[in-house]
Amino acid sequence: MDEYGRQAVHLIFGTAIAAVLLIPDPRMAPMIYAAGLLGGLVCLEAHLKGWYVPIIAELVGAFERDGAFERDGAFPGKGSFYFVASALFCSIIFRPDVAFVAVLSLALLDAVATAAGIRFGRHRIVNGRTLEGSLSGFAVLCAVLLTFTGPVAALTASAVAAVAELISPIDDNLVVPLVVGAALTLLPIA
1 MDEYGRQAVH LIFGTAIAAV LLIPDPRMAP MIYAAGLLGG LVCLEAHLKG
51 WYVPIIAELV GAFERDGAFE RDGAFPGKGS FYFVASALFC SIIFRPDVAF
101 VAVLSLALLD AVATAAGIRF GRHRIVNGRT LEGSLSGFAV LCAVLLTFTG
151 PVAALTASAV AAVAELISPI DDNLVVPLVV GAALTLLPIA
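Quick note on UniProt numbering: the sequence shown kicks off at 1 and runs consecutively.
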């Protein structure tokens, strides 16, 4: 699958992961995330043992970057596991509205920044990322977050997410939701 397809899937599944936080009973989100992680790990273990797991085999084949296992020592679905683990942590630590914005920030910013960076990126800035991709991710995220929160929180979340994605030395699927949630929690008006 090409990178645009991967980012479309990232956006769709990421938004669905964030939407779990909109369930009226806030106790449900951590249980859903935990069940997803456990189920995913069971399927991954079976896949790694060479068993054919119908949906998992197709997802790994279609969405993993070429050479990711050899180059990064990554395991299949690493980004997805990190995304759900971060969402789980956010659902436990932050208020539901803050956790939703934090998780949605990763889904939107990462997908838009990558796709825009591939298409329009001309100026590399940090870690191979482009100025055009980062600014596009920031702008789209900010515009979307304005529908859920006020302008100060939208700008803050977007700026924190964009900077965290740029400079994080570890996987952004782990970092972005956590730093956005922390920033919004510390924001006096959030």
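Misleading hints may appear alongside valid ones.
What the hints assert, rightly or not - Quick list of simulated restraints, FRET-style, between CB atoms: (1) PHE13 / GLY128: 15 to 25 Å; (2) ALA34 / VAL9: 16 to 26 Å; (3) ALA57 / ASP2: 12 to 22 Å.
These aren't lab readings, by the way, just hints derived from the structure by calculation. Note that the Cβ used here is the ideal one computed from N, Cα and C, for glycine as well.
Hint check results:
1. PHE13 / GLY128: 15 to 25 Å: holds (23 Å)
2. ALA34 / VAL9: 16 to 26 Å: holds (22 Å)
3. ALA57 / ASP2: 12 to 22 Å: Given about 20 Å between the Cβ atoms, the range holds.
Taken one by one, the earlier hints all hold for this structure without exception.
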